[in-house]
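Undergrad: The listed protein sequences derive, respectively, from chains A and B. Numbering follows our numbering, with no gaps: position 155 of the first sequence is 155. Numbering follows our numbering, with no gaps: position 188 of the second sequence is 188.
It is worth saying that the hints were derived from the structure and are not from the lab. Quick caveat, the model's predicted, so the values are computed rather than measured. Do not take every clue at face value.
Restricting the straight-line Cα-Cα distance to at most 30 angstroms, the calculated cross-link-like pairs of lysine-lysine (DSS-like) are [claimed, not checked]:
{"hint": "1", "chain 1": "B", "residue 1": "Lys349", "chain 2": "B", "residue 2": "Lys224"}
{"hint": "2", "chain 1": "A", "residue 1": "Lys14", "chain 2": "B", "residue 2": "Lys510"}
{"hint": "3", "chain 1": "B", "residue 1": "Lys183", "chain 2": "B", "residue 2": "Lys66"}
{"hint": "4", "chain 1": "B", "residue 1": "Lys198", "chain 2": "A", "residue 2": "Lys64"}
{"hint": "5", "chain 1": "B", "residue 1": "Lys309", "chain 2": "A", "residue 2": "Lys14"}
{"hint": "6", "chain 1": "A", "residue 1": "Lys64", "chain 2": "B", "residue 2": "Lys309"}
{"hint": "7", "chain 1": "B", "residue 1": "Lys400", "chain 2": "B", "residue 2": "Lys495"}
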Amino acid sequence: MTTKHTIVALVEDKPGVLTRMASLFRRRGFNIESIVVGRSELPHLSRMTIVISGSTAMVEQLRKQLDKIINVVKVFDITEEDTVARELALIKVEATSATRSEIIQIVDIFRANIVDVAPDSVTVEVTGDENKIDSLCNLLRGFGIREMTRTGRIAMTRGGPGRLPVGKQSSKAQGKKQEA
Amino acid sequence: MRMTGAQILCEGLVKEGVEVIFGFPGGAILPLYDTLPQYPQLRHILVRHEQGAAHAADGYARATGKVGVCMATSGPGATNLVTGIANAYLDSSPVVAITGQVARPFIGKDAFQEVDISGITLPITKHNYLVLDVASLAGIVKEAFYLVQTGRPGPILIDIPRDVFIDQAEFDYPTDIDLPGYKPTLQGHPAQIKKAAKLINEAQRPLIIAGRGVIISRAYEGLKQLAETAQIPVVTTLLGIGCFPESHILSFGMLGMHGMAYANMAVEAADVIIAVGMRFDDRATGKVSGFAPYASIIHIDIDPAEIGKNVPVAVPIVGDVKLVLEALNRLIISTEHVDWLQQLGDWQKCHPSTAIRDCEGLLPQFVIRKIYEITQGEAIIVTGVGQNQMWAAQHFCYDKPNSLISSGGLGTMGFELPAALGAKVGCPDTTVWCIAGDGGFQMTIQELATVVQEKVAIKIAIINNGYLGMVRQWQELFYGRRYVATPLSGPDFVKIAEAYGIPGLRVRRKAEVVPAIVRAMEEQGPFLIDFMVEPEENVYPMVTPGAALTEVLEGPKEVKAVSDSAELPVSNI
C-alpha cells in the first residue's frame, strides 16, 4: 500500500552529499515528492526533509540506503510520529483594482501576507501545512496565477529531545582496520 | 615537514602498508609518477589498459586480503577504470583508485582530458573524493583506507588535480578519523542472536547459505563450528566458494542458476535457512516468490540495507559475520539431523550435477577437471565470465578461501587475465591459473605484455569454443537456436602468446590435455594453453531465468525449445 512518508536526514556539510542522495533516489526508483535542505541546529550538519510516496517496505529500504552514504549521519522516518509540518509559498496573483480587495480578504482569512503590490498583480506569501496552501492556491487560481514557488515540506516532531544528543555529534575512530 | 601533494600521497600509501600499485601514467598524474622513485617501497606495475589496472588491483585484493591500489590519469584514463571500479563495488572488494585531474582553475571548463570522474563514479564507489586543498590530502588518504576495508568493503576513488600534486603543505598524518555518519555495527544484537539460536536448535531441516561475507570477515572457524555442532549442511553462493571446505561431508556445493541441483533442492525443502554474508542476488535465488517456501530465514550481514532487500527475513542480525557467529555458537546445542542429511545425500546421488558425460571430443568440463586434479586444489583459480566461469565453479573441489576469484556481481568479461596477474603479484608463491573463454580473453588480451614485462608466472587456460558460450547457450535454449552475434572468431592464441614472449600449446584431443597441463606447470614463467573444445556444450544444471530454483534443467533431454522469446517470463536477463 502506497502512503506518503516524511523522512528527515542529518547530513554532513561536505561536497557531493546532495548529489549522492539524488543519484540514489533516481537509481533505486524512489518516488520523491519534495526535498528541502538547509541548516540544522548543529554546526556542519544540514537537515534534509524528504517527502516520498511508497510502501512501508520500500521506504525502509530508502532509509537504509540513505544511511549507507558515508556523509549521512542519521535518517529518521517521522511519518508515524506527532509532528509539526510546514511549507512556504509565494504566489503572484493577477489583481485589478476591482479584484484586489477580494484577494486581500481571502489572504486575511488564510492569515497569509501580501508582500508585493503592483498595478496588475499582488504577491502573496503563505506558510502552513500542505492542505492550507493547496486550498489557498485553488481559491487564487480563479484570479489567475502568474507565478508560484513552493518550498516543500519541512517537519519536526513535537516535544522530545533533539535528534542527535550533544555527546554523540561525532565519533572518533582510531582508524584501525576492522579485525576481530 | 613541508612536502608536495605527490609526496604526501606516497607517504600516506606507505603508512597504509601499500606495496604494489597497478597504473598507467598521463599528463595530469605525471607529478605523482615523477615522485614514485623516491618511494622504492611502492612497486608500480605498468599495465596496457587502465581497465587492467583496476581488475589487477581487485584480483590482488581478493587473493591477499589487503587493499588493492590502482591509478590512472585524468579523462580517458579515469573513465577506463570505471568498469573495474563497478566490478569491485558489486563484489565488495577493497580497491582504492587514484586518478589525476586537470589543474583546479581548469575544472568544469571542459578542459583537455577532463571528466567529472567523481560524479561518474558516485553510484559505484563506497565513497569518493575530489581533493581541492593539498592540506586535506593526508586526512583523505587516511579516511579512504579506513573506509575501503571496514564494514562492508567497497572501492574508494580519490581524484587529485595536477596542481594539488605540486602544491606543498605540512605533512601530518592523522591518527584519528572523524566520520559521524559511518559506524558499522559489528556486534549482533543479543536478543536477535538468541532468537536465531532458538530457531536453529529447534530446526528439523536447517541449511546454511554462506557467501563472500564469510571470506571478508575470515569467519571460517565459526562457520565450521556452527555446521559441525548442529550438523547443518552448507551450500555457498558463487563468491562464497571456498569459505567452507567443499570436501567436508556437510558441504553440498553451490546453489543458484548454475548450482548443483541438490543444493537448490535443499533450499526448497529447508525449514530454517541461515544466510551468512550473502545478499540473495537473483542468480542465487531464482524467482524470489518461489525461494525457500518453507523456511524461516535468519540473515546475518554487516550491511543493514541488504537485509530484507530481496527476500523477507524472520530474524535479521546486523553485524560482522565472525563476531556474530562466535556469539551464536555459544548458544547452539549439539544436535544431529540424520534423516535430513540422508535426504540430501540421496538427492546428491540421484542428481550428479558434476558428472562429466562420456565423449570422444574434448569437453570443457573434462579440461577443467584435469586442471583440478593436477593442481590438487593448491592453486588460485581466476575465471572469466560465462560458461568457463560456471564450469570452473562446478568442477573443482575448493577447500580454501580465495582459491576461486571470479567476477560475480558485475560479471565482467575480461576480468580474468588482469585479475590473475594481480593475484599472482600478491601471492607469488602460489600457482595461479587463469581460466578464460575465447571471448573474454580478447577483451583484455593486451595485459599479456604486462605479464611478460613484470615476469608474472601465471598459467592461462583458454576454453576455446569459437562462441560467446553462455550467450549462445541462451540462444539455443530460449531463442530457437538463432545464433545472432555469438559465433566469434579469434586469433591463433598460441601465436599471439609467442608474439608476446609467452610459450604455449594447442590442445585438440583428450589425450593431450594432461601432458599440456603438466608442461604448463613445469614452466618457470607464464604459459598459455589453447584448449579447442566441443563448440556447443551447455552448462548444466541450469535454472531457467524467471523460474524458481527447483525448476532445474539437468541435461539436454529436458530442454523445451522456446522459439518465441516473448514467452520468457519477466526476469533479470
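Undergrad: With reference to the structure, classify each hint as holding or not holding.
TA: Structure-based check of each hint:
For the suggested pair Lys349/B and Lys224/B, the alpha carbons sit about 24 angstroms apart, so the restraint of at most 30 angstroms is met. Restraint check: the Cα-Cα separation between Lys14/A and Lys510/B comes to about 61 angstroms, which exceeds 30 angstroms; the hinted pair is violated. For the suggested pair Lys183/B and Lys66/B, the alpha carbons sit about 21 angstroms apart, so the restraint of at most 30 angstroms is met. A distance of roughly 27 angstroms separates the Cα atoms of Lys198/B and Lys64/A; the hinted pair therefore holds under the 30 angstroms criterion.
Note on Lys309/B and Lys14/A: the hinted pairing holds, with a Cα-Cα distance of about 28 angstroms set against a maximum of 30 angstroms. Of the pairs offered as hints, the one joining Lys64/A and Lys309/B holds, with about 10 angstroms between alpha carbons and a cut-off of 30 angstroms not exceeded. Between Lys400/B and Lys495/B the CA atoms are separated by roughly 35 angstroms; this puts the pair beyond 30 angstroms, and the hint is violated.
Taken one by one, the earlier hints fail for this structure at numbers 2 and 7, listed in ascending order.
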